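Participant: Residue numbers (this note's numbering): 1 to 266.
If you are wondering where the hints come from, they were derived from the structure by calculation, not from laboratory data.
For clarity, every value in this text was computed on a predicted model and none was experimentally measured.
Among the hints, erroneous ones may be present.
[Claimed, not checked] BS3-like, lysine-lysine: derived pairs with alpha carbons at most 30 Å apart: (1) Lys260 <-> Lys217; (2) Lys217 <-> Lys163; (3) Lys217 <-> Lys178; (4) Lys178 <-> Lys163; (5) Lys258 <-> Lys217.
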Amino acid sequence: MSSFLQIERDGGIVTVRMNHPHTRNALTSPEQIQEFVDLCAELRRDHSVRVMVLTGNGSAFCAGGNVKDMRERGGIFEGSPYELRNNYRDGIQRIPLALYELDIPVIAAVNGPAMGAGLDLACMCDIRLASSSALFAESFVRLGIVPGDGGAWLLPRIIGIPKASLMAFTGDTIDATKALDWGLVEQVCSQETLLDEAQTLAQRIASNPGHALRLCKRLLREGQHMRLDSLLELSAAYQSLAHHAEDHHEAVVAFMDKRKPDYQDR
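Input sequences plus hints: build the corresponding full structure.
Facilitator: Dropping the structure here:
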């Protein structure tokens, strides 16, 4: 089987395409999950990478779990209740943990339907852009199951409890216009310009010092569950590190000299 993730590098930007259009990029196999985990580990080690863009090849972003496997109780859906629990914990639940621990910003370019685990995958990213043909559904209840990969934690933090409850309890699909209105996505683009818009945004982000991006993302993550005084203490610690980075000095000098900075990831 061909690799699920198609990875391209352009300077500090890594573009990742889910590349099983024949399954609408359904995401359940252990091999697919391992590719995501390995990629995140690699990007954490490479401090020259500043932004990741995630999208799908074909007509869909990600169709979620493989319903055929569910029907046949195969793949990760086979076994006793205890075995199924471990299949989730040792399988797809590794993706939200890996993406959550990834220090670089991640942009989802949602090119088509993002259903169930596909919507949750988009929610694991920091920023979401959508094509006008994108569709979104927290559709687990329609199959008699619950969000098993973090959607119940992720979605309410993005659109709030009432709207997340509406999506989770009905399983209804919303279009890109409503997703924009609800704050699920930041921008709606044409199908033809979506990836260009995502790359342009990635370039704007990647033009900043890598160390500052990583520390800033970590502060935003930690701030979701910390008290203000604790976050301020962590901010002071991170700021002391940032002030001693060579790229901080270069940023200040370039600003004063009215020139483009030359960052060296130091």
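Participant: Work down the list of hints and note, for each, if the structure agrees.
Facilitator: The hints, checked one at a time:
{"no.": "1", "hint": "Lys260 <-> Lys217", "in the structure": "holds (23 Å)"}
{"no.": "2", "hint": "Lys217 <-> Lys163", "in the structure": "holds (25 Å)"}
{"no.": "3", "hint": "Lys217 <-> Lys178", "in the structure": "holds (27 Å)"}
{"no.": "4", "hint": "Lys178 <-> Lys163", "in the structure": "holds (11 Å)"}
{"no.": "5", "hint": "Lys258 <-> Lys217", "in the structure": "holds (27 Å)"}
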